[in-house]
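4 protein chains.
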Amino acid sequence: MLEELKQKVYKANMMLKEKELIILTWGNASGIDREKGLVVIKPSGVPYERLKVGDMVVVDLDGNKIEGDLKPSSDTPTHLELYKNFKNIGGIVHTHSKWATMWAQAGRGIEAYGTTHADYFYGMIPCTRNLTEGEIELDYEKETGKVIVETFQSIDPDSIPSVLVKSHGPFSWGKDSIEAVNNALILEELAHIAYGSEHLSRGVLKRMDQNLLDTHYLRKHGKNAYYGQ
Amino acid sequence: MLEELKQKVYKANMMLKEKELIILTWGNASGIDREKGLVVIKPSGVPYERLKVGDMVVVDLDGNKIEGDLKPSSDTPTHLELYKNFKNIGGIVHTHSKWATMWAQAGRGIEAYGTTHADYFYGMIPCTRNLTEGEIELDYEKETGKVIVETFQSIDPDSIPSVLVKSHGPFSWGKDSIEAVNNALILEELAHIAYGSEHLSRGVLKRMDQNLLDTHYLRKHGKNAYYGQ
Amino acid sequence: MLEELKQKVYKANMMLKEKELIILTWGNASGIDREKGLVVIKPSGVPYERLKVGDMVVVDLDGNKIEGDLKPSSDTPTHLELYKNFKNIGGIVHTHSKWATMWAQAGRGIEAYGTTHADYFYGMIPCTRNLTEGEIELDYEKETGKVIVETFQSIDPDSIPSVLVKSHGPFSWGKDSIEAVNNALILEELAHIAYGSEHLSRGVLKRMDQNLLDTHYLRKHGKNAYYGQ
Amino acid sequence: MLEELKQKVYKANMMLKEKELIILTWGNASGIDREKGLVVIKPSGVPYERLKVGDMVVVDLDGNKIEGDLKPSSDTPTHLELYKNFKNIGGIVHTHSKWATMWAQAGRGIEAYGTTHADYFYGMIPCTRNLTEGEIELDYEKETGKVIVETFQSIDPDSIPSVLVKSHGPFSWGKDSIEAVNNALILEELAHIAYGSEHLSRGVLKRMDQNLLDTHYLRKHGKNAYYGQ
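Chains as they are written, first to last, in UniProt numbering: chain U, 1 to 229; chain Z, 1 to 229; chain V, 1 to 229; chain F, 1 to 229.
It is possible that some hints are incorrect.
Heads up, the list lumps identical chains together, so a pair's fine if it works in one copy or across two of them.
Capping the alpha-carbon separation at 30 Å, the derived lysine-lysine pairs in DSS-like fashion look like this [unchecked claim]:
| # | residue 1 | residue 2 |
| --- | --- | --- |
| 1 | K71 | K175 |
| 2 | K206 | K36 |
| 3 | K11 | K206 |
| 4 | K11 | K220 |
These are calculated hints, taken from the structure and not from any lab test.
Generate coordinates for the entire structure from the input sequences, incorporating the hints supplied.
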């Protein structure tokens, strides 16, 4: 069942380790089959050294386990909330990668300071608000998904494929789980570079020129893209 | 004698090197057999490249050498003090890992700024007070253990499994020496992320929401834990 | 056609990955055959894992493709502008390497703070001005080249073999593409060290002594050089 | 001639690369045979990938080449000045390692902030004064050695086995070239940790307690040392 998707999601999970985006079990990747309405996700708390393709868990969009011997990631309700609301995405990745997490803990979004950012993110990568006490107690992981969706009320998730969850860490997405990993990697790099640029500017750095942002984002994305083959 | 424990403690010591928590001989791991009241610990100043399982030293809780050709780690009296006072711990690790040591040298505990912290440490990771001149001259390594115990007078060492020793570096512990290494690794990661979050907040970062801290710590620990398999 | 040059440019591109100056497809290296007036450059957006010598693209100085199945790098017009104006250079490299990009995004040149800098760069590594809206819309990549040339109006590109493009990242060059990679690597190291030196000086660091700058640069470069064999 | 010493100095040079204390050709190691009054040193500007034991150059204390096909390191006169004045040292290493160089460029010595420092350096690691214009022009590398010696007028080089040369970088030494490499590695680690501790203290960090410094240094060094086997 969903063998190809399981292979891809397994690979995406292993890439998190190879790209040094996680240590221990600090992350998870998932992918969705939109036609069947089924999501494949990493099992909860299994060490990456022992993870196998067959360990991937299949759940439906209500969180019911459809296949798999193991419990799905405890963050599954967050993933499902994003799949239900961001209609074009095919894969999601959650990490606690260092530089992105610094910004999330500081409660700050990452402003677009240069073309490296503009090549992949069409503006600021936002940070969510705090969850309320009620939200945390009600259904913590699902509410995390809902506050991400709320943050994107007036932002297009297809052109800003990452978010920083306040006091927590980043979620990234893409057309599939592999692209989601790449976006998580790019986010980590941007988070580090932006940290340094702000420091070198002693707190007076403004976001990049809007024309330059447009040019770089649009040469890679959209109808008139001319980057790549 | 204690072959299984020696194997585990040896492995824990080698992990310190693999995880890049130490350079040269800057660290040591130990484990205890609570029934026999015996501790297995790394020998003093032996390069990790040459370390063998058979080099592990066995001492009793008074520090008498029971088995082994080599002298035990010079930090042995610190380890023993912790085993005597923290009744549930089974392994201890000492390193001079960079980011944790920065905080120790600055004399500052690491506040809980996010869920990465909350998943493993149920509140601030404390820093000890300075040792007095008398304590340093009397029995330095033993007094180091005593000041750690003093620091935990009103803190549960099972829910805060690390400490920063002022002007020195971190000690971490766990149910065995392998978990202690993992806690040392997590501490190092937290120390780096907290450093960055404070910097990005320009000195006004408050600790994370208490409800979020509770939820994250308790989803991994305690009776109602639901993380993992 | 130009087999030797293709081999060298291919090698230079692969070195960008090995030296960790790039992730994903974030860079490109080129080389020129001055006699034939032809430039060999990396194709656009091809992953380094799959890049082959035969993928290198040959263009003339007007940007016409002379040989190759793939589209040349989208930054080709920038490279061509530099080859046309900096008459002695034989290779160019563009990256988004972290530390150099921090300075570029901050819009700051890197001052000469020590002999590591002076051994390779005879003074400040400059940062370009912002492109105007008109320049960005007209012919973005070519105008990027032109603003670099403008920045070097009173600077000798042979003794300052790198530039930071504002809100973008570094370009480096050299007598061939391999030397350009080395200069990109050196720039990255200098960018990191200068960042730290400024921090340690709390904003009052002055550039190094001019006599020391002269001595170090000239012991490696020029008529009376005495470094090396 | 001096085969054993050449082997050791060659190994020390290669360790600089393995320990990531240098990139390209940015460093050199030497060793001395005190009885014969001869120094073995790396040749100038030879890439480490191609370096062979047989490339090591033998010079006397006046800098005359006694054996070797290649030119000795351009920093040879600095090494000789140190061997002539620091009577107990057997090996010297020069690098441009990142964190130590940051302090050197900032013109600041590294204060003793913790036991990691105290285990190897019995107090502050000093930074030299600027060379005068006359000194730079007269005999630059020799004068660099002389200003190091001047810096140690009232410091014991055996208990502070490193120095930061202003606007340049570190030199380290030891009983032989291998110990000198280890001291260079330790210095680099200390430089990074001290940088972070100062940052976390927002500029008000005082040096460590003198009693603690004494205890740590003396438990590893001197008559009553009890660290190691």
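Hint check results:
{"no.": "1", "hint": "K71 / K175", "in the structure": "both (25 Å within a copy, 24 Å between copies)"}
{"no.": "2", "hint": "K206 / K36", "in the structure": "neither (45 Å within a copy, 45 Å between copies)"}
{"no.": "3", "hint": "K11 / K206", "in the structure": "neither (38 Å within a copy, 38 Å between copies)"}
{"no.": "4", "hint": "K11 / K220", "in the structure": "both (25 Å within a copy, 26 Å between copies)"}
Hints 2, 3, counting from the list given before, are not met by this structure.
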